[in-house]
Amino acid sequence: GEDVEQSLFLSVREGDSSVINCTYTDSSSTYLYWYKQEPGAGLQLLTYIFSNMDMKQDQRLTVLLNKKDKHLSLRIADTQTGDSAIYFCAESKNEAAGNKLTFGGGTRVLVKP
Amino acid sequence: EPEVTQTPSHQVTQMGQEVILRCVPISNHLYFYWYRQILGQKVEFLVSFYNNEISEKSEIFDDQFSVERPDGSNFTLKIRSTKLEDSAMYFCASSPRGLGETQYFGPGTRLLVL
Numbered sequence: 001g002e003d004v005e006q007s008l009f010l011s012v013r014e015g016d017s018s019v020i021n022c023t024y025t026d027s028s029s030t031y032l033y034w035y036k037q038e039p040g041a042g043l044q045l046l047t048y049i050f051s052n053m054d055m056k057q058d059q060r061l062t063v064l065l066n067k068k069d070k071h072l073s074l075r076i077a078d079t080q081t082g083d084s085a086i087y088f089c090a091e092s093k094n095e096a097a098g099n100k101l102t103f104g105g106g107t108r109v110l111v112k113p
Numbered sequence: 114e115p116e117v118t119q120t121p122s123h124q125v126t127q128m129g130q131e132v133i134l135r136c137v138p139i140s141n142h143l144y145f146y147w148y149r150q151i152l153g154q155k156v157e158f159l160v161s162f163y164n165n166e167i168s169e170k171s172e173i174f175d176d177q178f179s180v181e182r183p184d185g186s187n188f189t190l191k192i193r194s195t196k197l198e199d200s201a202m203y204f205c206a207s208s209p210r211g212l213g214e215t216q217y218f219g220p221g222t223r224l225l226v227l
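Taken in order, these protein sequences are the chains called A and B.
Positions 1 to 113 (my numbering) are the ones given, in order, by the first sequence.
Positions 114 to 227 (my numbering) are the ones given, in order, by the second sequence.
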């Protein structure tokens, strides 16, 4: 079955880069996503990458995908205090029914001033 | 910007009671989902819904759960007889189409079963 794993916690100093890592087991994963959850809020889509890509950049966010190792990372450049949140990676497959997301456990990022 | 809304934001109920969680998906979206997150655990898929029927459901989604789109805007999750272990944050999501489309999540309903 599908499994997605992330480290639990990351502490970073304001202005530095953050790198959040994720591994997944299902080689048929087609799309991989990063969601952000701030306290008391829902899941906000940050970015996603299709499995035939190995990199995607969107302003301060860079997603790297190593499909051979089933490893996904999210780099946040110039991390700000507003980036403190829980970050979830998720995968989905190109199936006819429903396109369910399988989530990792989330990485809590704490940005220190 | 259009967004998914959910009501109520918090619900407290007694074990054995029925609860209905409500969601208003983004208006031109066709696929709808429910997920839940038990405190300290992963976000788990419950069910997906398309064209007025369930397209996929997880093992969690047993006979105690049902979903409905009673009109053109609402999407509901009903739990018939709540158990203590149903306490969780329930997220609704919607997407324009199913395959490869981004799912947009609501803010969640925190359900506490006493």
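Just to be clear, a hint being listed does not mean it is correct.
Incomplete in silico selection of chain B near chain A, CB under 7 angstroms [unchecked claim]: (1) K155; (2) S161; (3) N164; (4) P220.
Within a straight-line C-alpha distance of at most 27 angstroms, the following computed DSS-like cross-link-like pairs (lysine-lysine) qualify [to be verified]: (5) B/K196 <-> A/K70; (6) B/K170 <-> A/K93; (7) A/K68 <-> A/K36; (8) B/K170 <-> A/K56; (9) A/K112 <-> A/K36.
It is worth saying that the hints were derived from the structure and are not from the lab.
Where a beta carbon is used, it is the ideal one built from N, C-alpha and C, also for glycine.
Consistency of the hints with the structure:
1. K155: 5 angstroms, holds
2. S161: For B/S161, the interface hint holds, since the closest Cβ of chain A sits about 3 angstroms away, which is under 7 angstroms.
3. N164: It is violated, given that the least Cβ distance between B/N164 and chain A is near 11 angstroms, above 7 angstroms.
4. P220: Result: holds, 4 angstroms to nearest chain A Cβ.
5. B/K196 <-> A/K70: Judged against 27 angstroms, a Cα distance of about 37 angstroms means the pair is violated.
6. B/K170 <-> A/K93: Roughly 15 angstroms between the alpha carbons, so the hint for B/K170 and A/K93 holds.
7. A/K68 <-> A/K36: With Cα atoms ~26 angstroms apart, A/K68 and A/K36 stay inside 27 angstroms; holds.
8. B/K170 <-> A/K56: Judged against 27 angstroms, a Cα distance of about 31 angstroms means the pair is violated.
9. A/K112 <-> A/K36: 18 angstroms, holds
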